[in-house]
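Engineer: Letter by letter, the chains look like this.
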Amino acid sequence: MYSRQFLEELYRTVYTIRVFETECIKLYRQGLIIGYFHPYLGEEAIATGVCAALRKDDYIVSTHRGHGHCIARGGELKKMVAEVLGREAGYCRGRGGSMHIADLKTGNIGANGIVGAGIPIGVGAGLGIYVRGGDQVVAIFFSDGACNNGVFAESLNLAAIWDLPVVFVLENNQYAVSSPIEEMSRIPDLHRRAEGYGVAAYAVDGNDVLAVYEKTTEAIEACRSGKGPVMVEAKTYRHGGHHVNDPGLYMPEERLEYYKARDPVKLAREHLAAQGQCSECDITTIEQQVLEAMEQAVEYAKDCPAPSVEEFLKEVEQN
Amino acid sequence: MYSRQFLEELYRTVYTIRVFETECIKLYRQGLIIGYFHPYLGEEAIATGVCAALRKDDYIVSTHRGHGHCIARGGELKKMVAEVLGREAGYCRGRGGSMHIADLKTGNIGANGIVGAGIPIGVGAGLGIYVRGGDQVVAIFFSDGACNNGVFAESLNLAAIWDLPVVFVLENNQYAVSSPIEEMSRIPDLHRRAEGYGVAAYAVDGNDVLAVYEKTTEAIEACRSGKGPVMVEAKTYRHGGHHVNDPGLYMPEERLEYYKARDPVKLAREHLAAQGQCSECDITTIEQQVLEAMEQAVEYAKDCPAPSVEEFLKEVEQN
Amino acid sequence: MSEDKGRPGASGVRQLKYREALNEALREELRRDESVFVIGGGIGQRGGSYKVTVGLLDEFGPRRIIDAPIAEASFTGAGVGAAITGMRPVVEILFVDFTSLIIDQIVNQAAKYRFMSGGKGRVPMVLRTQGGSGNGLAAQHSQSLEAWYYHVPGLKVVMPSTAHDAKGLLKSAIRDDDPVIFIEHKLLYMTEGPVPQDEYTVELGVGDIKRGGSDVTIVAWSNMVPRVLSAAEKLAARRIEAEVIDPRTLVPLDKQLILESVKRTEHLVIVQEAVRRGGVASDIASIVQAEAFDYLDAPIEIVAGKNTPIPFNVQLEKACVPQEADIIEAVQRVLHL
Amino acid sequence: MSEDKGRPGASGVRQLKYREALNEALREELRRDESVFVIGGGIGQRGGSYKVTVGLLDEFGPRRIIDAPIAEASFTGAGVGAAITGMRPVVEILFVDFTSLIIDQIVNQAAKYRFMSGGKGRVPMVLRTQGGSGNGLAAQHSQSLEAWYYHVPGLKVVMPSTAHDAKGLLKSAIRDDDPVIFIEHKLLYMTEGPVPQDEYTVELGVGDIKRGGSDVTIVAWSNMVPRVLSAAEKLAARRIEAEVIDPRTLVPLDKQLILESVKRTEHLVIVQEAVRRGGVASDIASIVQAEAFDYLDAPIEIVAGKNTPIPFNVQLEKACVPQEADIIEAVQRVLHL
Ligand SMILES: Cc1ncc(C[n+]2csc(CCOP(=O)(O)OP(=O)(O)O)c2C)c(N)n1
Ligand SMILES: Cc1ncc(C[n+]2csc(CCOP(=O)(O)OP(=O)(O)O)c2C)c(N)n1
Ligand SMILES: [Mg+2]
Ligand SMILES: [Mg+2]
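Residue numbers (the working numbering), protein chains in the order written: chain A, 167 to 485; chain B, 167 to 485; chain C, 54 to 390; chain D, 54 to 390.
I should point out that these hints are in silico values taken from the structure, not numbers from a laboratory.
Using N, Cα and C, we set each Cβ at its ideal position, and we do this for glycine too.
Incorrect hints may have been included.
Unchecked claim - Far from chain B, by Cβ distances over 12 Å, these chain A residues were calculated:
id, residue
1, 169
2, 175
3, 188
4, 192
5, 371
6, 419
7, 421
8, 452
Unchecked claim - Below 30 Å or equal to it, Euclidean Cα-Cα: the simulated DSS-like pairs (lysine-lysine) are:
id, chain 1, residue 1, chain 2, residue 2
9, D, 308, C, 308
10, C, 359, D, 173
11, D, 316, A, 480
12, A, 480, A, 192
13, C, 371, A, 480
Unchecked claim - Now the in silico label distances, taken between C-beta atoms and shown as ranges:
id, chain 1, residue 1, chain 2, residue 2, range
14, C, 64, B, 390, 50 to 58 Å
15, B, 195, D, 230, 34 to 42 Å
16, C, 290, D, 347, 26 to 34 Å
17, B, 480, C, 290, 25 to 33 Å
18, A, 461, C, 382, 41 to 49 Å
19, D, 317, B, 475, 50 to 58 Å
20, D, 243, B, 472, 22 to 30 Å
21, B, 420, D, 250, 17 to 25 Å
22, D, 139, B, 390, 50 to 58 Å
23, B, 469, D, 317, 39 to 47 Å
24, B, 475, C, 382, 19 to 27 Å
Work out the full structure: start from the sequences and follow the hints.
Structural biologist: This is the structure:
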């Protein structure tokens, strides 16, 4: 049984991610955010459950769909919004944008615009731990599309032969842009690929934050104790297209309905109400707090100045 | 039961490869061959068995250890020796050398100096067949080291999802240069990686030419009939170091002895004698023919002129 | 079939978008030659991220319009293998930034195969990709990397700036028996230009004078061409007549066209979006200083991208790439004005 | 600790092979800083294909001297990740030709991370590799590809020509907080030169005048330096005194050293092993023509590799790469002799 406080934390995180994405999509539609913006809507339980199972001094590696990971590690909404608005106060001083948010303070090595490229980088964080002889672990997030890139296989193998403390977290949302995983792999249960590399793999319902938390905790235990890498495949589904401008018309409606009925926010809320014995009223309070925090972050970020072009050019001179 | 003629052909090929490598190593030690030279000694049964199972109009993709593949497809010794000696009459007009011999006439797309790079190229030959709607197949040769490169996994997957007529022939000689496969993969039976991609895989004794022939024939049947790719893992062992200048001191003696006792030339000879009911005397005749052919090839190649530097520079002008 | 400049007013000329012109080129070549086929991510039903392959799946079916997983190195390698064995693949890599994943196949395999096989093998493959900045896509989706490929023997490099050239060059690239890297620009897809109704090709290696002039030669390619043309108009208002040369293909490079122009104008400005250090502009400058040394009245000016990864913020992004004002300034400098 | 030229005759100076000097640099840095470790294929028990890492496994053990499988993209990426999280990895890629497999990790990740993270992250990683022709290793093992990396903002490029420089530069590269690509030359490993007994470093960005002279400046790096020095001796016999400048690091480039020399000699020859088109020599030429236009008495001469993949045959291979005679001819041309 979980404490109410713990379940509250999980719900707060899941809900914060939901609100962050929803509000940012509005900003995008208003033309305030530009470029690529990949919402994590529908996948909130994975980052939340995995990060809840991590220690503060552990690392994560994120993806192009990375806002959820950043938030789940305790990233600051203000700096995130400022970044996606391209402001100097943002995580990357407005130079990175949505696809490049990194937050080394929370152990978040960063998002990545190159699908799959973060995987070996995460292995490298694990290698550093191994060389230093520490007991941290690294959780590497990636989705089904990245599994078809060679670095996925290479990295699994490196982590395996070097016994690195790495948790490969496969967020199988069943699409790479519009390509369904059934067309891109004969075996859509991609964790089965881990067997060929001698890596233990677990499958879990990616929409249930507690299930994710539990499975990841189990996986991390093995991995922190020096047995080398593990993989956790969390099946899920996006609540919309690949990025803000993709209506996702190729996603079959029943399938989407099925997953929306198992909405990770709803499930986390139910856990909190049932197991956490938290009243509707208290839950609403949490939600209110999250909404306010986000509103404040947006206000703050909108007021932040853009980076100075002159200063930027001066920096470039020094390159 | 196999015909004597067939077994003679197998033996002639196995023995030719043995003789080619042995004679070339002498030329290397005399300083007549330079650069990298990777002998196929000890692995002769694989190329021979696989190519015997192929049709004339099929394709193969070779590796840096490629002389055996070229010979088994019916390549000409004269052009091969001329090439490794850097002569204009060679397969690549002296421009390629050992690592780049290609012979499109026999469907040999070529050796490669980049480990693993031939694998997707072979998949592409398969893709061409698929686009044209033909019934050829492609046999892609590669060794254990290449399996740890990302293109191996990517290529397996491409061939699988596109149902391409590709036979992945894994020549598991258990080393990549001096790195033993046990240290480079948790699961040294590398064909098990195919499962994760939904590709059927077979394991076979790579030192027994008939075993290789039979297993490959079975594999090709599935693949030619449109069921997509298959993998054949043939375990074997080099009879020496990675290249001519590597004494291979890291190879444990008993292990080497074990495999030398199962010498592919010896086994093929026994098959010919027993199943083929070929007399010792007739076998010696075959061997004599092979030795003579090689001697002639070496004589021929030594007499061939080197490429003209002037002509070469004229060609370069046109680039 | 011949090169038809498709200038407005010519008979049977329509206004087409750059991406539509590319689509037509693919469609015509797919119809003409059964060995042509297309591979790439999301190019089928989705029609490609920049809509260049729209409708091709419907007409040519899934055997010739092939959606690929995120395995760029290998599906490019598959293109190489198909090309060696008689096909004419057109491989699409969504961003030139992602060609960082396929360089072994392009450089060590495709570009070298003909040579390494002693001339017996050929690799008639086109690699279509897209580069440049301007859409707020940040450091990993905004690079201009033509200099890498320009440095590789055995590879042709094509960078069209107009709908007309895009169509004619893509058709030539597909018919070429050697590997061609064909780099489009994300800001050009929606630009429109005249394209002849009748079939035509544009020969690889033939540059184009996009604007005549006698005071200064400006060499530019891809998305810098419209910018330079617009700067040239402003300069004309100040009675400076710039000749604007678009080499269209960087390899082969129409060196003569540039040299002849410089010998007339005695002043050269080269404008590239790519980072200055080690860019193609430097190479063109080095050629011109060597072959027209005595004609040059002033040092060759290079206007180029800043020495930095491209930033996300739109103002910073703009500051990294040559703008009209930079071009005008450089012309003034080279003319000692 | 200071830069000590290690000229013969200096006290405490030994003759060391280039590869031994590199080995010493690694050993000293591994001892000095626990965050330094080495990854590569066959670098452990085998000591590396060119014997640079011999003995390191015995001294530092398998946690810091790590043999990697043939997964270059990922073990380089692992270097990047380790560097971001506080380590100082030295990653070895056996041939610069194989860096074609790791460009995404080097260019899109390592070189951009500091910038993309708004300056918060650093990637103190060294990528050691080896290039050039001369051993009959043919087209995929003989390239000179520094121009690719030279074009990438955020990356430093080091190419030592002597044992002394190799050691001092490698130590500086390891201590640098940004990614450095360190390109050795296969023909230099067995060359010997004086190396001080005492610890020293060579600063990145500081070129070296390998020979003084007043008639012509010759810029060269890596294996072209000994060749140019030998040509300079022959020229001296004809009373032509060449100044030979080795920039040692191409990024940062010691532009001032080159410009000052050219302003004195008024003649410049640049010698590179790489293919001419799009090479670093072109860029240096473009800089010098821009910044010393009025000092140049003749067009800058570039002596470079031929526009072809490197052939296997040893005579053809030689014909592809600048030889002494080519250098002497170019000097004569630039001096109008
Ligand atoms: C190497 C590479 N290829 C292609 C792309 C273009 N792209 C961006 S996101 C994406 C889909 C990624 O799919 P997946 O890994 O499943 O992640 P998801 O979007 O589902 O989170 C693609 C193809 C890219 N960014 N990098
Ligand atoms: C991409 C790449 N990495 C490294 C090398 C250097 N190299 C040449 S052969 C070889 C070993 C290859 O091992 P394996 O694939 O098992 O083939 P085998 O030599 O056993 O036939 C290596 C590492 C290379 N040529 N290409
Ligand atoms: Mg996905
Ligand atoms: Mg092997």
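Engineer: Could you run down the list of hints and mark each one as holding or not?
Structural biologist: A quick look at each hint next to the structure:
1. 169: The assertion about residue 169 of chain A holds, with a minimum of 38 Å to chain B.
2. 175: 36 Å, holds
3. 188: 35 Å, holds
4. 192: 38 Å, holds
5. 371: 21 Å, holds
6. 419: 25 Å, holds
7. 421: Check passes; 20 Å lies beyond 12 Å.
8. 452: Since the minimum Cβ distance to chain B is about 42 Å, residue 452 of chain A lies beyond 12 Å and the statement holds.
9. D:308 / C:308: 28 Å, holds
10. C:359 / D:173: 21 Å, holds
11. D:316 / A:480: 28 Å, holds
12. A:480 / A:192: Not OK: residue 480 of chain A and residue 192 of chain A at ~34 Å, beyond 30 Å, violated.
13. C:371 / A:480: 15 Å, holds
14. C:64 / B:390: 50 to 58 Å: Holds, since residue 64 of chain C and residue 390 of chain B (Cβ atoms, about 53 Å apart) stay within the stated range.
15. B:195 / D:230: 34 to 42 Å: 49 Å, violated
16. C:290 / D:347: 26 to 34 Å: 31 Å, holds
17. B:480 / C:290: 25 to 33 Å: 50 Å, violated
18. A:461 / C:382: 41 to 49 Å: 45 Å, holds
19. D:317 / B:475: 50 to 58 Å: 38 Å, violated
20. D:243 / B:472: 22 to 30 Å: 26 Å, holds
21. B:420 / D:250: 17 to 25 Å: 46 Å, violated
22. D:139 / B:390: 50 to 58 Å: 54 Å, holds
23. B:469 / D:317: 39 to 47 Å: 56 Å, violated
24. B:475 / C:382: 19 to 27 Å: 49 Å, violated
Of the hints listed earlier, those the structure fails to meet are numbers 12, 15, 17, 19, 21, 23 and 24, in rising order.
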